[in-house]
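Student: Sequence:
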Amino acid sequence: MAMATSVSKAMLLTAFVVAAALSTVSRAQSPLQVNFYSSSCPQAEATVRNVTEGIIVKDRTMGAAFMRLFFHDCFVRGCDASILLDPTSSNPQVEKKAITLRGYDAVNKIKAAVEAVCPGVVSCADILAFAARDTAVVSGGFTTFDMPSGRRDGVVSKLFDVLQNIPSPILKLPDLINNFAAKGLSVDDLVTLSAAHSFGQAHCSFFNGRLYPTVDPTMNATFADGLKMVCPPPGSSGGDPVVSNNGVTDPNVLSNQYYGNMGVGKVLFVSDQQLMTSNYTAAKVANNSEDAATWMGQFAAALVKLGSIQVLTGTAGQVRKYCNVVKS
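Going left to right, the sequence shown walks through residues -28 to -1, 1 to 300 as mature numbering (1 follows the signal peptide of the UniProt record, and there is no 0) numbers them.
No lab work stands behind these hints: they were computed from the structure. There are no misleading hints in this set.
Below, in silico cross-link-like pairs of lysine-lysine (BS3-like), each with a Cα-Cα straight-line distance of 27 angstroms or less:
id, residue 1, residue 2
1, 144, 200
2, 30, 293
3, 299, 69
4, 130, 293
5, 130, 155
Computed beta-carbon distance windows for the label pairs:
id, residue 1, residue 2, range
6, 12, 81, 18 to 28 angstroms
7, 63, 90, 22 to 32 angstroms
8, 300, 250, 44 to 54 angstroms
Built from N, CA and C at the ideal position, the CB exists for glycine as well.
Based on the sequences and whatever the hints tell you, model everything.
Tutor: Dropping the structure here:
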């Protein structure tokens, strides 16, 4: 009984923090609206939620895939679903050529379900945003929260834009801060959203520099030894295997465990460990590690803020019928 009461209090606190944080965000921006499809497609969000949940329940690794697609889409040209566009004869070098991501077929499945109930109404950009929100609920145990919508789909996708905008996993803290600031995101947002690295997978090539030729002294030695069992030295014939971002607990759960891992040197990327290099960010890491409910509220608010970057609304862009091709 005591445990149930404790869980209920935590859920109430999380809901309160989410509501307060989102209220602050909504006052500061944007052309997006909560319940944008309430008249044009009242089933939109429920349809996305049901299909997204079904996909993640069937394959728990898909939660991280949905979250990563949303982040990469918003950071490149704004949240316009340009990350989903396939190459064409006139534009062979699109965003998805720049980095290996999963989940494209899953997004197409969600889009098909939405098109079945409301043809030509709901953008792929909003589907990515809803799926990211629903991932936090399914894979992170979050209380559901409002994700404003009304985004339109872009018609441009360029590989070069990815190289210019996506933060590298080897960036030092000042460069990470500048990279996020260029998108209107704060240092707090950087620390908060970095916890998306609490789940999912990464190729060894993204962090091999911390293992070879010598182990990064900020990495836990036992943790490094385990990684070297999977990740061969650069240039060897061992290829580029993948490992779980979270080698300490369940790699398919979005959680504040990321911050606890960081405190003991058990994170993969230079960009992760860099959050411990300033007093301010290290204090945020410690607070997030100790207070899951508050972190959840902050993550929800930061996810909404991320989703407002350079959005197309009104008559800008288009609403694609198929997420992988521009509507002619």
